[in-house]
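Protein sequence lines correspond, in order, to chains A and B.
Following the working numbering, the numbering of the first sequence begins with 1 at its first residue and continues without gaps.
Following the working numbering, the numbering of the second sequence begins with 1 at its first residue and continues without gaps.
Derived by calculation from the structure, the hints in this document are not laboratory data.
Keep in mind it's a predicted model, so treat the numbers as computed, not measured.
One or more of the hints may lead you astray.
Stated by the list, open to error - Partner residues are not named here, just some residues of chain B that face chain A (Cβ under 8 Å, in silico): (1) S26; (2) H27; (3) E29; (4) G46; (5) L49; (6) R50; (7) A54; (8) N645.
Stated by the list, open to error - If you only want the chain A side, here are some residues facing chain B, beta carbon under 7 Å, derived: (9) S21; (10) G28; (11) E47; (12) R74.
The beta-carbon is built from N, C-alpha and C at its ideal position, and this holds for glycine as well.
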Amino acid sequence: MSPKMDALQGSLDLLVLKILSRRRRLHGYAIMSAIQDISADVLRVEEGSLYPALHRMEETGWIRAEWVTKENGRRARLYELTSAGKNQLGMEESRWKAVAAAVNRVLREA
Amino acid sequence: MSIWRRVTNLFRIKQLTDEIDEELQSHLEEAVAQGRDSGEARRAFGSPLRHREASRDARLITWLDSLRADSIFGLRQLRKNNVTSLAAILSLGLAIGSCMAAFRLIDAVLFRPLPVANADHLYEVSRQGVFNNTPFVYDSWAYPDFQLMRAAVKDQAELLAVSTAEPVDLTYKSDAEIERAQLQYVSGWMFPAFGLRPKLGRLLSENDNLKRGAHPYAVLSQRYWEHRFGEDPGIVGRTFRMGDRVYEIVGVIDGNFTSTETGTMVDIFVPVMMHPGVSANDWSWHRTLAILKPGVAVEPVSAKLEAVSRAFDQQRMNGAMAGMPKEELEAFLNQKVLLEPAASGASGLRTDTRRPLTILGALVFLVLLIACANVANLMTAQASARARELALRVSIGGGRGRLVQLVLVQSACLAFLAAALGAVFAWWAAPFVVGMINPPDNPARLLLPADWRLIGFGLAIALAVTLLFGLLPALRASSVNPVTALKGGEDPHARRRLMHGLIGVQVAFCFLVLFVTSLFVATFERLSHESTGFSAGRVLVADTVTKQPQSLAYWNQLLEHLRHLQGVEAAAMSDEPLLGGGNWNNMISVNGLPPNGITVYMRRVSPGWIDALKIPLLDGRDFLLQDSSPGSALVNQAFANAYFNGQSPVGRSFEVVFSGNSRLRFQAVGMVGDVRYEELREPLLPQVYVPFRILDEKGGVQDIGGAELLVRTVNPNPLLVSQLLRDEIPRLRPEFRVSRIRTQLEINQSHTVRERLLATLAVFFSIVALLLAGVGMYGVLHYYVLQRRREIGIRIAVGAGAASIVRIVTVDAFIALAVGSAAGWALGLASTRFMTSLFYQVKATDPPMLVLPALILTGVAILVSVPAAVRASRIDPASMLRVD
């Protein structure tokens, strides 16, 4: 059973930013499958959350997008991280670690 | 930046949506390319519509987007009901336009600050007191008094002397080319005090204010320099001749300062030292303005000025008033000095039009309210037609807030369209009205820029109007109950009550407008038919000047020549025309006794003057050529009443008392009928006419530099002779020049210009108000019949007569009419108390003033209810009962 991203509220941004920090210029489907693959199918991103999130982050300026034409003549929209996005990633990462550590402590000591 | 992107995205929504769709599509293709089943991928993907919505929301400002959608929908709604919408936009546009035009005028005359450095510290100094038992406020000062006052408050304020702007005759090149320009005498230090800078040359300063008659320098306004000289860069150093002096132009003002006098644009500024009255202590000819230093309070300054001015008057009056009853002298001297803010300048126009303009503003505001009530009614009727649509929106989950927004946005669309229309109307109307404020030969000139003040006002009024007529229907619409509305109608009575209430409000305001209008029209009627005591028909008044003062014999020859011209019945001259000139008054002493406190008003006239104006000679004789001043005088009936107990003073002597107690002795040679002197509204004043043959101390006859020639023509149109005069006078004597020709009728009418303006505008707004109220009432009755057609059908089927049907349809509207009229009348009685000073021999309680508006309104109401009544009584019961 794969937890919905809702269960990991707020972590979608973190995951997307992280993926984009490792690999440049990915389209939406690639980001989605990357999250799924790396998490060994545990994390599944719903399309319904991914695209609004991508567009929101683009409007905020954390990532930027451009259209490229693929070999088959179709256009695809590729995303990459901006420097503001890098900063944001750093912040989100440390926040996530703090939360995770806190949760672990509670699990251990309660 | 991001917000900005989201706003700009609003304007490329189509492209945005396409991009989102394309991206989602490419996602699916990618999924299929990765080996997933296309059906499965599509199912996993879910509703693309929902994704699109979610993405769009991320990239747009949603509320702005909904506003955009509502606006488009609103405009579509307006287009759909194009006739009603057009009626609403037109009526509202006219009302908003009138409001904007009135705002432009009121702002320009009363509020817009002068373009000077310290406008907010600028005050006008005037005096308030009692003279001849009538209270007065006097804004003119004598220069020696001013000098004392300026020295006294040196540390708290800077005082400025500025004359009333006056049209003068001057020549730049040859004397044959006399032209007119507006000229103002000002204190030299006014320019530095106002922080004004020269565009060319230099401006005047304290150094141009030293010695009487020693500073023949002039500064031009930038506007005049542009219009008259085409921005000639070599203007500095050029000269012009005015009267018998030559002035040198020393500079041009930078910027649009055109005097401290609202309503006049001054072309030329010269130092006060060049004014002939600068050293006379009994000639009050200039206004006094004060620029208070920062932090200085008003009261101590005015107290100081009061003390100085009182001491000055006391000394001045010492001789002239000797022996005058102490109380009257005290009453005269007991003047209060007022300091009133004058950030937007000081002028007669401002004082005279403040009240009319305010009333005008109130009238257009009422018209706006009527228009709003009208549109609110239209919207309510429309909303009832849309009740099902709105109910549907509620039942599929539209929030009430969104519904209110929907209806309000539609109102706003209407209001802004109307405001745009109104702006066009105001753009045309304001200058048009300015042109009517003053008599045509001296029009008021106001800057009427369309700047942020006007735009802000327009937007504010459009918003206010939206709320005023939109909110009620919007709230009603949002409270729609979907179940009853979808079932086929809610309680119609509430809506009808609302509409009839609005009709009542409209009628009340309309009545008020009509009531005020009838008062203004009656005032204008009475004032323009007021007897002047002389005959103005067929009389031309030619303002005649000479380069140098000319011998009286030449003037008399000129008159004699004119009398023999073809088409001329009589010719004479005076120093100023009746009702068209300055005020020259003095005290009189009879038998060497002290003056009794009643002022007489003086005029200098030639033999034949009373004939030319057909003023009756009651006793004695007219002037002869050998009559001189001092020596002979003509007096009027009011003079006899004031000084000789109504007995004819012919043959008796009296003295005219000048300041310093110098007296000139006159013998009355004739008594004439009373004429109006300076104003139509004032009582008939005691008057003394003295001859042009002025003897100096040694017995010599003084030369005359200018006079008003009066010519009564044979032809009923005196202007036909005006060119003849212009040609004949210089032909006979090259030194003589006619600078301006008016008809006496025109001069008389200039006294009723503002009354005519008020009456005309009031009639115009009454017609608009009536039209709006009529359309409103028609619309409501129409809607009413439509709503109740089934009930009426049943009534007809069971035998109701036409009369009772008409009664049912119209009774509510007529109740609204009666209640509204009563309310309007009460409002009228209450409000006219603020306008009584504008009325002439008319009272708000005069029965015709009440009956006329009531009759007009009832007439209009009957007229507009006829179609509805006819339609109601012609309803065919059979077809009506078959419906549904």
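Verification of the supplied hints:
1. Taking 8 Å as the C-beta cut-off, the interface hint given for S26(B) holds, the closest approach to chain A being about 5 Å.
2. Evaluation of the H27(B) hint against chain A yields a held restraint, the C-beta minimum of about 5 Å falling below 8 Å.
3. Satisfaction of the interface hint for E29(B) is found here, the shortest Cβ-Cβ separation to chain A being roughly 7 Å, below the 8 Å cut-off.
4. Evaluation of the G46(B) hint against chain A yields a held restraint, the C-beta minimum of about 5 Å falling below 8 Å.
5. Taking 8 Å as the C-beta cut-off, the interface hint given for L49(B) is violated, the closest approach to chain A being about 11 Å.
6. Against a cut-off of 8 Å between C-beta atoms, the interface hint on R50(B) holds, since the closest Cβ of chain A lies about 7 Å away.
7. Hint status for A54(B): holds, given a least beta-carbon distance of 4 Å to chain A, under 8 Å.
8. For the restraint placing N645(B) at the interface with chain A, the shortest Cβ-Cβ distance is roughly 97 Å, beyond the 8 Å limit, so the hint is violated.
9. With a cut of 7 Å, the hint placing S21(A) at the interface with chain B is violated, because the nearest CB-to-CB distance is about 21 Å.
10. Look at G28(A): its Cβ gets to within about 5 Å of chain B, closer than 7 Å, so that hint holds up.
11. Taken as an interface hint, E47(A) checks out: its beta carbon lies about 5 Å from the nearest beta carbon of chain B, inside 7 Å.
12. Taken as an interface hint, R74(A) checks out: its beta carbon lies about 6 Å from the nearest beta carbon of chain B, inside 7 Å.
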